[in-house]
Amino acid sequence: MRSVFVRHRWEPYLWILPSILLMLVFVVFPIGIVFRLAFSHISRAGVVGGFIGLKNFQDAVSSAAFPQVMLNTAVWVVSVVGLSTLIGFICAMVLNQPFRGRKIARSIMVFPWAASLVIQASVWNYIIKMEYGNLNNILLNLGFLQDPVNWRASYQIEFIWECAIGIIVTIPFVTFTVLSGLQSIDASYYEAATVDGAGFWKKLRHVTIPLVKPSLTVSTVLNIIYVFNSFPIIYTITKGAPANKTDTMVTYLYMLAFYDQRKGPATALSVIGFVILCIASGCYMLITMRKEENL
Amino acid sequence: MKTLPSVSNSRRIILLLILSAIILTAVFCSLTFLRFSSQLYIKRSPNTFVGDEKYQTVRQEVELQLETFRAQGVEGVIDEQVIERVNSKNETTSLVIFTINAANNRSGWDLLRAGLPASALLILILAFSATAWLLTLLSAYSGSRAAGTGAFVLALASFFLIPVVFNRLNLDLARTVDLAQAGGDPGALDRLRPALDSFLFDGSAGDQLDSLLTALKYTVCAGPFLLMIPAFIIICAAVLGACKPLKKTLLRVALYLSVILFSLFILYPFFVMFITAFRSNAETTDMHFLRILPSRWVFSNLTDTLNRGVLRYLVNSLLIAGGATLVAMVCGIPAAYAMARMDFRGKKVYLGFVIMSQMFSPVVLLVGISRLMNTLHLNDTLMGLMFINAAFNQAFAIWLLRGTFVSISSEMEQAACIDGCSVLGAMLRILLPMAAPGIVTTLIFVFINAWNEYTVSTVLISTQANRPITVGITQFSSFNMIEWQYLFAAALLATVPVVILFMLIEKHLAAGLTAGGVKG
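Line by line, the protein sequences are chains E and F. Reminder that position 21 of the first sequence reads as 6 in the numbering used here, one-by-one numbering, no gaps. Reminder that position 354 of the second sequence reads as 471 in the numbering used here, one-by-one numbering, no gaps.
Among the hints, a few may not be true.
[Claimed, not checked] Derived pair list, reagent style DSSO-like, types lysine-lysine, alpha-carbon separation capped at 27 angstroms:
1. E/K198 with F/K171
2. E/K230 with E/K40
3. F/K624 with E/K88
4. E/K198 with F/K624
[To be verified] Covered stretches of chain F (chain E as the covering partner; in silico rule of three or more C-beta atoms under 8 angstroms from a C-beta of chain E):
5. 199 to 208
6. 276 to 285
7. 413 to 425
8. 612 to 621
Worth flagging that the hints you see were computed from the coordinates, not collected in a lab. Glycine included, each C-beta is placed from N, C-alpha and C at the ideal position.
Input sequences plus hints: build the corresponding full structure.
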């Protein structure tokens, strides 16, 4: 390959230079700034002082809301990723069957993926309002209810709603990635399995799941990262209220930095989040690289 | 019904008979369980204890009222409810509430004969089910597949019409009065009056109809429907056990039903967004006369939102997303090209860098980004958002493009290069046209991501005129008042284009995201 396309040794670097510059300035620089700030004293007005070691981390971790926020983050990531992967997998299996209207079903499935999260969160926020929300409206109109139900009676229930909405908007991503994996499976595998007398569950366990595993892994790892970083749903529906009880790490960080003007602890949290993400993306990178080598 | 031929006719007929039987049973169950208990009169008597003087007076008053109703031919029952509370001064207070409930329960048969719009719908359902039955028998007799399909479709249609009847019934009984009193369409109530009178009060209410209807409270028992679901499952399981060949058809039916229900579920929020965007302001926040569909479609909501700044926000979003796409492609195509066609030292490192940066969300880096933008004087500018979006989508763009380039053989370009064409020329003239589908997919994906971006924009943009649409729509939800109709009208304008664009690339995108780097 090298012979035709590369005339000078430095030429490939010229080709990749613009992309490197772009990412260097707008991705790597902010990372550097965050790291510097995390170890510096920052006044409320935003003036950066000297190096103060781990003081910011201490402040962040020892704050009253921190344990609840971390617990919420864990619940949020595990429940959303787990359930959306399960449901998305089932949806992909269904959409992989030939049936009439499959194209329409696929197009419908695109909706939650394509629409902006803020907009979807706003709509759900309206749906579950007690006084005039659409869920109560429909149930009342159909005669299933006599009086409006308060769908968000406590912050725990509100957080469950947020997780449910998170799941709904994440399902399409899993569905489509798994579906692309399913469609690349050669029909002959299934024919062979049928000849051997395998039933539905056996085929699922011994043919489908092993062959879909690569796309499933990639989608799950990407999902963990997206869901961890997901901001608009919680910010639109509860803004973390009451008293950070429904915050996840990302919304808490935002509130700290831009509402409370406590940039020091906020950047420390950023670094913690950053490390968690690095571990996740490290796993992802290993998986993808191994995939590259296999081929 | 592609799989139907694999099942013998008699089996199919059994299935269809069972299906239509279930639907007919559902209809009739619901009919017998409909109960209209209407509250005719309510009297609250505060500071009253059961048995004291005031209680007796009020009780007599209520009984007198009942006599008045009886004189009009309306039978009723007195209910009393006692609420006792301890107030802040530690005194016990008591409230007695007397209600007179009409004993005029109505069965579904009465409704059928009532001549209300709901009755017409009910007749339609019964007609559908009956036709479904006839078609089933016909297909049993002649073995016609079309008849069987028709029966199935009709049975399904009648099933889905049941909630519509309930909605209509609710509308007829209560909402029409509410709407008429709230200044809606009085003609609708006038048309319904005779039918309502004869249905609910045997024609005896006369002039008092309106006040009676206002006080009307009724319950529609939804229990039978919920019972139908386990019944349906049990019958299906029984049939499955009885005759194996039916399994395939039943699975088919289950497949279609679940796809339909899940699609409805997915579309539900978008349906809500759509209808709310066209409601009047009063309707969005008042449950009292809120119907499922807007009582009046206010199409001017769309133009109103556009006039209130949304047009500006849409243009901003277009500029940001368009610019970001352009930057991402200009930087991404050469990089992807180098990755696909050239070998160089540090390629692995670069690949790792790309994959790693794909993982960073701007949210975690918000503080850093806002500081950087301050230094670059790009704070509160469209240009700043453009570059941020481009940078954070760069990795995906390179990833998707590289997959496309790798999947195209390099022979033609090599030939062109040997013929004296420059590398750039070969890429522009040969590779890019061939890779057009992949490039379009990447283009649209980056565009949509930038269009939907919210978090960075809220932090970076402070001037109203520079807001993109995702931030702009929040102006309709201030702390104490949310103008839902405008919020959703704007949301509709922001959603329609991206959903359509996304549908176009969905097929290529999914494969690209997971397998982009693996192909070839």
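Taking the hints in turn, this is what the structure says about them:
For the suggested pair E/K198 and F/K171, the alpha carbons sit about 77 angstroms apart, so the restraint of at most 27 angstroms is broken. Between the alpha carbons of E/K230 and E/K40 the distance comes to roughly 24 angstroms, so the proposed pair stays at or under 27 angstroms and holds. Proposed proximity of F/K624 and E/K88 is supported: the alpha carbons are some 10 angstroms apart, at most 27 angstroms. With a CA separation close to 20 angstroms, the supplied pair E/K198 and F/K624 stays within the 27 angstroms bound.
Given a C-beta distance limit of less than 8 angstroms, the hint that chain E covers the region 199 to 208 of chain F is violated, as 0 residues qualify and 3 are needed. Residue count for the region 276 to 285 of chain F with a Cβ under 8 angstroms from a Cβ of chain E: 3. That meets the three needed, and the coverage hint holds. Given a C-beta distance limit of less than 8 angstroms, the hint that chain E covers the region 413 to 425 of chain F is violated, as 0 residues qualify and 3 are needed. Counting residues of the region 612 to 621 of chain F whose CB falls under 8 angstroms from any CB of chain E gives 6; the rule of at least 3 is met.
When the structure is compared with the earlier hints, violations turn up for hints 1, 5 and 7 and for no others.
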